[in-house]
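Read top to bottom, the protein sequences are chains A and X. Just so we're aligned, residue 12 is where the first sequence starts under my numbering, counting upward by one. Just so we're aligned, residue 180 is where the second sequence starts under my numbering, counting upward by one.
These are computed hints drawn from the structure, not numbers from a lab. From a predicted model like this one, the values you see are computed outputs, not experimental measurements. It cannot be assumed that every hint is accurate.
List time: in silico DSS-like cross-link candidates among lysine-lysine, alpha-carbon distance up to 30 Å [said to hold, decoys possible]:
#: 1; chain 1: A; residue 1: K150; chain 2: A; residue 2: K297
#: 2; chain 1: X; residue 1: K260; chain 2: X; residue 2: K244
#: 3; chain 1: X; residue 1: K451; chain 2: A; residue 2: K150
#: 4; chain 1: X; residue 1: K202; chain 2: A; residue 2: K150
#: 5; chain 1: X; residue 1: K260; chain 2: X; residue 2: K451
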Amino acid sequence: MSAGIPDPAAPLTPTGNLRRRQVFSKMTEYSATIAAVIAVAVLVIVVFSVIQRGASALSLDFVFTAAPTGIGPELLGTAVIVGLGMVIAMPLGVLIALFLTEYAGNRAAGPIRLTLDLMNGIPSIIIGLFIFGLLVDHKQQSGLAGSVGLAIIMLPLIARGSQEVLLLVPSSIREASDALGVARWRSVLGIIVPSALGGIVTATVLAVARAAGETAPLIFASSLGDPSKFSLNPLEALPNVPVRIFTLSEEGNPEGFAQAWGMSLVLISLILFASLGARALLARSKRKMAG
Amino acid sequence: MSTPAAPPALQNPRAARARSRRKKADRIGDRLLFGICLAAAILAIAVIVLIGYEVVNGAGPAISKFGLGFLVHQDWQPNFKIFGAGSLLFGTVVTSTFALLLGAPIAISIGLYLSLLAPAGVRGIVSPLVEMLAAIPSVILGFWGVLVLAPFVHEHMEPWLHGAFGFIPIFGSPETTGASIFTASLILTIMVIPIIASISRDLFLAVPRDLQDGASALGATRWEVVRGVVLPSTSSGVVAASLLGLGRALGEAIAVSQVVGAGSAIQTSLFKTGDTLAARIANQFPGTGPGLYQSSLFYLGVILLVIGLISNLVAQWIGRRFSYEGAVAR
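Go ahead and model the full structure; you've got the sequences and the hints to work with.
As structure tokens, this is what we get:
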């Protein structure tokens, strides 16, 4: 009888089974934390190696002159190709987002959302094959063909991102504008799009940052550009940064490696700054609209 | 003042005309904007269809020459016009599966950490950093893979794994360079992690607080809350996220072609060279002219497109069919 009564003075610490469960729980917590540390560490290691090896190549000459000393034409070519791609993809993406949020019912929106998701999932190398078959085969390589390829990559990102912010526009604004008898198109173009503009722009910047590093479509569309002369003409093959890094990395020549590290540093810093900035802006504008 | 005056527009014929003009403009404007939006949406669908058509069209000659046997034949000898995707299919499946097996648990843990464990300040920093990992261009990751990761793998990881687990045939003896299926899988793991991590973080954040608190109140430890409440209610979404990651790994061409070593035989050891469908296209397409060679590369594209679309569609289907909201609605 007396053995069953616990000692009232014993400290309240878990024992036996409970203790085992708590230890196991703590261990899983630690391993989750370690997983996060691993991911951040990989990012830091990659970025650090690029900075460490690329910084020595970096100089004003490197950025602004043509081959063999610099990468000016590649940077210009990438800017032209990505810029044209954005000009193609942004209006289409916003229009699709408008269709999804303002016009389509559930039945029409379903297939289009699925299309966007599938388009987002298509491997970029397939988009390269497509561009080759459609625009390059029997003709010649061109920066424009590359832009179309990148536009296909950007389109679902822009459309999905714009749709998200358009959905955040309060319905009271739409109702108020309807109640005043404002025509639909006027309220869409005059009120709804402007109030979501910040989000649309950041979605576009994120898409551009993603597309700027895409190599696969450009191997097919614009890999024969001449890196020793500056060109703005999108109807001929333009030299560009990703393809150049790719070819230099395949060549296995140490000088080429140094140049490729330098280009990687320039490209990675442009992309990381653009996407970090856009993300910060997006978070802010979402908070503003939601609050 | 007791009777309200009629609006000025009704009295003034000019204003009335202007108003009807405006109404007409509005009708046209409404139709026009709707039409343009609809056209853009249809264009997106058309592009998808056209992509399928172009790729299959390019593959036409190879499909009629080799048929489905292409999928199992392993020979790839452009000089003799013999092509088969067997070893490439094998390489694709092995690298992607490896990446998923290693990456998914890490990514889901990261999702759990970011949604349930991390203090708000840390989450605000680590979340974007994990997403930054996805923003690194694949060509740079591949370049880093060749020059930094591959030597490390070759000098440290391969001897160690061979020494510790050499009795399993997949950990064979190290080769002359670090370019291997194993290195390619590690690169793919790095690419897969941010995708799965950010989706699963969002899923876990959406699990109602009440359910978790209820489980805690019943005496569940943190792990038991995760195991009993969080994971079961989001499992379908996590599977869908993993499939999306798999799709990304299957289709990655550039980075893989840089580190995989372009071998063309099926090997048991992970440390030997191999090749994947996408990497083979990226590697060999630029050097081909029209003909059976090019068409065979298009055929690889068809296989890749079919696998990619299937994994994507299944992910969408699982995500919608078994989603948490759906379970609640039922």
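Verification of the hints:
1. A:K150 <-> A:K297: 46 Å, violated
2. X:K260 <-> X:K244: 11 Å, holds
3. X:K451 <-> A:K150: 39 Å, violated
4. X:K202 <-> A:K150: 49 Å, violated
5. X:K260 <-> X:K451: 25 Å, holds
Consistency with the previously given hints fails for numbers 1, 3, 4, ordered from lowest to highest.
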